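Student: Residues per chain are reported as follows:
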Amino acid sequence: MEISPLKAVADWMRTADLTEVVYRKGGAGFSLTAGGAGDCAPLTVPAMPAGRFLSVPSDGVGVFQWSEPGKPRKTVEGVDVAAGDAVGVIVTGAGAAKPVVSPHAGRVAKIFVDAGQAVDYGQPLILLESR
Amino acid sequence: MFKKILIANRSEIAVRVIRAARELGVRTVAVYSDADRESRHVAMADEAVCIGPGPSKLSYLDQEAVLSAARNAGADAIHPGYGFLSENADFSELCAERGFVFIGPPPAASRKLGFKSAGKAVALAADVPVVPGTKGDITADVSKEAAEIGYPLLIKASAGGGGKGMRVVRSPAELKPQLEAAGAEAKAAFGDGAVFIEKLLERPRHVEIQIIADNHGNAVAFPERDCTVQRRHQKLVEESPSPAISKEIRRQMQEAAIRLAKAANYANVGTVEFLFQDGKFYFIEVNARLQVEHPVTEAVAGVDLMELMIRVAAGEKLPFGQERASEIRCHAIEHRINAEDPDDNFMPCPGRIESIELPGGAGVRVDTHVYPGYTIPSYYDSMIAKLIISAGDRPAALRRSLRALGELKISGIKTTAGMHAKVVAHPVFMSGDFDTHFIEKTGLLDAKETAHV
Numbered sequence: 001m002e003i004s005p006l007k008a009v010a011d012w013m014r015t016a017d018l019t020e021v022v023y024r025k026g027g028a029g030f031s032l033t034a035g036g037a038g039d040c041a042p043l044t045v046p047a048m049p050a051g052r053f054l055s056v057p058s059d060g061v062g063v064f065q066w067s068e069p070g071k072p073r074k075t076v077e078g079v080d081v082a083a084g085d086a087v088g089v090i091v092t093g094a095g096a097a098k099p100v101v102s103p104h105a106g107r108v109a110k111i112f113v114d115a116g117q118a119v120d121y122g123q124p125l126i127l128l129e130s131r
Numbered sequence: 001m002f003k004k005i006l007i008a009n010r011s012e013i014a015v016r017v018i019r020a021a022r023e024l025g026v027r028t029v030a031v032y033s034d035a036d037r038e039s040r041h042v043a044m045a046d047e048a049v050c051i052g053p054g055p056s057k058l059s060y061l062d063q064e065a066v067l068s069a070a071r072n073a074g075a076d077a078i079h080p081g082y083g084f085l086s087e088n089a090d091f092s093e094l095c096a097e098r099g100f101v102f103i104g105p106p107p108a109a110s111r112k113l114g115f116k117s118a119g120k121a122v123a124l125a126a127d128v129p130v131v132p133g134t135k136g137d138i139t140a141d142v143s144k145e146a147a148e149i150g151y152p153l154l155i156k157a158s159a160g161g162g163g164k165g166m167r168v169v170r171s172p173a174e175l176k177p178q179l180e181a182a183g184a185e186a187k188a189a190f191g192d193g194a195v196f197i198e199k200l201l202e203r204p205r206h207v208e209i210q211i212i213a214d215n216h217g218n219a220v221a222f223p224e225r226d227c228t229v230q231r232r233h234q235k236l237v238e239e240s241p242s243p244a245i246s247k248e249i250r251r252q253m254q255e256a257a258i259r260l261a262k263a264a265n266y267a268n269v270g271t272v273e274f275l276f277q278d279g280k281f282y283f284i285e286v287n288a289r290l291q292v293e294h295p296v297t298e299a300v301a302g303v304d305l306m307e308l309m310i311r312v313a314a315g316e317k318l319p320f321g322q323e324r325a326s327e328i329r330c331h332a333i334e335h336r337i338n339a340e341d342p343d344d345n346f347m348p349c350p351g352r353i354e355s356i357e358l359p360g361g362a363g364v365r366v367d368t369h370v371y372p373g374y375t376i377p378s379y380y381d382s383m384i385a386k387l388i389i390s391a392g393d394r395p396a397a398l399r400r401s402l403r404a405l406g407e408l409k410i411s412g413i414k415t416t417a418g419m420h421a422k423v424v425a426h427p428v429f430m431s432g433d434f435d436t437h438f439i440e441k442t443g444l445l446d447a448k449e450t451a452h453v
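Going line by line, the protein sequences match chains P and D.
For what it's worth, this note's numbering labels the leading residue of the first sequence as 1, then goes sequentially.
For what it's worth, this note's numbering labels the leading residue of the second sequence as 1, then goes sequentially.
This is chain P alone, in the form it adopts within the complex (with noise of 0.2 Å):
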């Protein structure tokens, strides 16, 4: 891949405020981050309101289960979680029930996840908002 087309979308990274550019096709691609090469501080993507929206991400690989067999389901869309609460688990290729822990305090938004479903490392489960 030849370099100098990419200082193009760097320039227009910069003149259109983007932090983050990945394009890849077949086995190539690059990223351009803005902010590189020490000029100046890194840039905190603003992907959702600040603070607002929280995901909780799948610690593991295995079969999302909303709870351990033989209990109720807690998570639903408008309930309550504290931080260190367990919100599902996943069972993984034992037959292991790992409790998905979420890592924050707030109102269950958005689920993005059902029973039995297969789910792999960092996949967001569902979307707490703070209050």
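For the record, the hints were derived by calculation from the structure and aren't laboratory data.
Since the model is a prediction, treat every value here as computed from it, not as a measurement.
One should not assume that every hint holds.
DEER-style ranges, computed between Cβ atoms [stated by the list, open to error]:
| hint | chain 1 | residue 1 | chain 2 | residue 2 | range |
| --- | --- | --- | --- | --- | --- |
| 1 | D | D344 | P | H104 | 41 to 47 Å |
| 2 | P | R131 | D | H233 | 56 to 62 Å |
| 3 | P | D80 | D | G351 | 21 to 27 Å |
Yeah, the Cβ is synthetic: ideal placement off N, Cα and C, and Gly gets one too.
Assemble the complex: chain P is given as a structure, and chain D must be docked to it using the hints.
Tutor: For chain D alone, coordinates are given in the frame of chain P:
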């Protein structure tokens, strides 16, 4: 044949598995850590599953994460690549329990041969010559035994590899402190502090035989790979055939490797490693996996070892016998290009590859997972590419190596490419007459000297 293979690895070897699987019409599942989202193997595979954060203990070495990913993706086989879980017999056993075919040697065979001291016992029983040494792991005072073997001695870690836990002992007074140091290092590196002692060969070559066996009792051995050029017991340059091995010795080594494989009921690929000095070879260990340097044999013998190991794991018979496996079709050399700083004692220097131009043309193969703009994560091995050069004979292969290394242009990070050119152009390397101390003896990588080259 399998329907879907999960690759429990990363980097160029994951790319290598994907390519072979695609040629066989088998779907592939890549697994990756948080730090490897940008790796080419993730983009190339038919599916990809994130299995954990950057540290390999929490991702590529997490057996449950790998097996959960395999179940989620509906894979029927798991390819371990090299490193990580590739030589973990417990993992291959677990694969079988969960209904996945492990593409590699059966757990019983890798247990028999995969650990150095155990492999030695099998070798002795199979009439394969070994380096004189202690019978097994050291548990009591060995000063008498050490004196019988004769100094200098080498302490090695039973669970080891890559030079960790290795110590040279030149006199009886050094024995006890060095044993303790080696044990502590082995414990830290492998979680197992068991060590053993061998006679130290002062001028050996490192020569190894690639074998492959099917599940129907057939096994073949390929021409040797010479991995004598090492730095701190790490292989730098591998070539085949060896400039030091005669036809007769080659045949004896191949026969010894087959005897060993049969004695252990070995299946799939493996490498039998020998030291060679003064016309004699001594078994040192078996690497129960496909090795980094396998493409050297692929070039020399004109075979696809990755495809063969997948076919054999799927229950197919070897498509050829020993006569075909023994053919030498060219001379091949492999250069491992690492992201390391030659001016700073070859410290790994991860970072962003601003641009990269790969060599090409006749007889040049490049296996890599990197591309322009790729950032090398700091969690893993520093190897970024392998150059595999082949030509009609050794002098032609060396000329081609220099040409290809000259074409390789990488900016943004420092690499070992220049060091490889220095090795290939060195008159001692060209002569073919050298031992595993080539790098130290020639002072080739000494920073002060190289500054004036």
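Student: Taking 56 to 62 Å as the stated bounds, is the beta-carbon spacing between R131 (chain P) and H233 (chain D) within them?
Tutor: For R131 (chain P) and H233 (chain D) the Cβ distance comes to about 59 Å; the hint holds.
Student: Could you check the hint for me, namely that D80 (chain P) and G351 (chain D) are 21 to 27 Å apart, CB to CB?
Tutor: violated, 45 Å
Student: Within 41 to 47 Å: is that where the Cβ-Cβ distance between D344 (chain D) and H104 (chain P) falls?
Tutor: holds, 42 Å
Going down the numbered hints, you'll see the structure goes against just number 3.
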